[in-house]
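Peer 1: If you want the building blocks of each chain, they are given just below.
2 protein chains.
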Amino acid sequence: MANPNAKGDRRERELVTALDEAGFAVMRAPASGSATERELPDVLAGDGETFYAIEAKSSAGDPIYLSGEEIEALVYFARNFGAKPRVGVRFDREEWYFFHPGDLYETDGGNYRVKKETALAEGTDFAEFTGESRKVTLEEISVRSEADNKREILEAVKRGDLSVDEALEMF
Amino acid sequence: MANPNAKGDRRERELVTALDEAGFAVMRAPASGSATERELPDVLAGDGETFYAIEAKSSAGDPIYLSGEEIEALVYFARNFGAKPRVGVRFDREEWYFFHPGDLYETDGGNYRVKKETALAEGTDFAEFTGESRKVTLEEISVRSEADNKREILEAVKRGDLSVDEALEMF
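Residue numbers (the UniProt record's numbering), protein chains in the order written: chain F, 1 to 171; chain P, 1 to 171.
In this list, chains with the same sequence are indistinguishable; a pair is considered to hold if it fits within one copy or across any two.
Cut-off 35 Å, straight-line C-alpha distance, at most; resulting in silico cross-link-like pairs (DSBU-like, lysine-lysine):
| no. | residue 1 | residue 2 |
| --- | --- | --- |
| 1 | 7 | 115 |
| 2 | 84 | 116 |
| 3 | 115 | 84 |
Simulated from the structure, these hints should not be mistaken for laboratory data.
Starting from the given sequences, assemble the full structure and let the hints guide the process.
Peer 2: As structure tokens, this is what we get:
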């Protein structure tokens, strides 16, 4: 859902710019006129191997709340599109921190809450977030046990770091 | 680039709705305020395995023209995001037809031109465009040869249709 306030809008633009500078191609959702009635995530970002659908929330207050509907729409869109769903939170005078929706605290009312102290302690910071897509080298794979080895190969295929043909040769 | 006229806007919404109904998660570019100075494609669509960046042009006239800058921006964004670049053209009283940018006729001035007769004869129609991606079911996987079987499993992992743990059990 587009952030209705000017400061939130500016924060979201800053996030888009930062993702762009980190090497992602980024599209923000339009403020209105999405054509379908589906809720869109705020940001879609891809770098050729990792795709993120991001719900971005900034606030002067603490904690930051997200509605159950926002999270459901994020997860639904991400799954259908083929992107990883992430919630980005930004408290004043702090950086952006990112969470998988499944790691958020769910309130009794079915909404979601992120405390500032939780974000700083447990959130993925921007550098880690944009650096998450790291190629596994063949050397790293080869020193593992056979089961770990298979798992690494499958995960590399999942990420797109290994082609199916490359993986088939390794099995 | 967002289509500045109301009819073009309506056509583009119709395209988004049709893609949504065909099983894609779709985001339209905002009309303005993209945060970065990069030109965005009109539409991003994904169905969990195929990602399209689409420049959509509708016209009452024939032919439809696209500027060299539009095509360059489309190809640049698509490559960075990790999507397939496509140009969608829609002439009045016709369906949408899709082209890879490399298949468009380039004019002497460095722009691109699609004649209606070319679109109808050589363009990919909507059904073909959206039918390219088909999910493989587990039943279909099980009747294949072992090598094909492994390949199908790896491809399902790549698409995210199988988790790494599910795939490990199958190997």
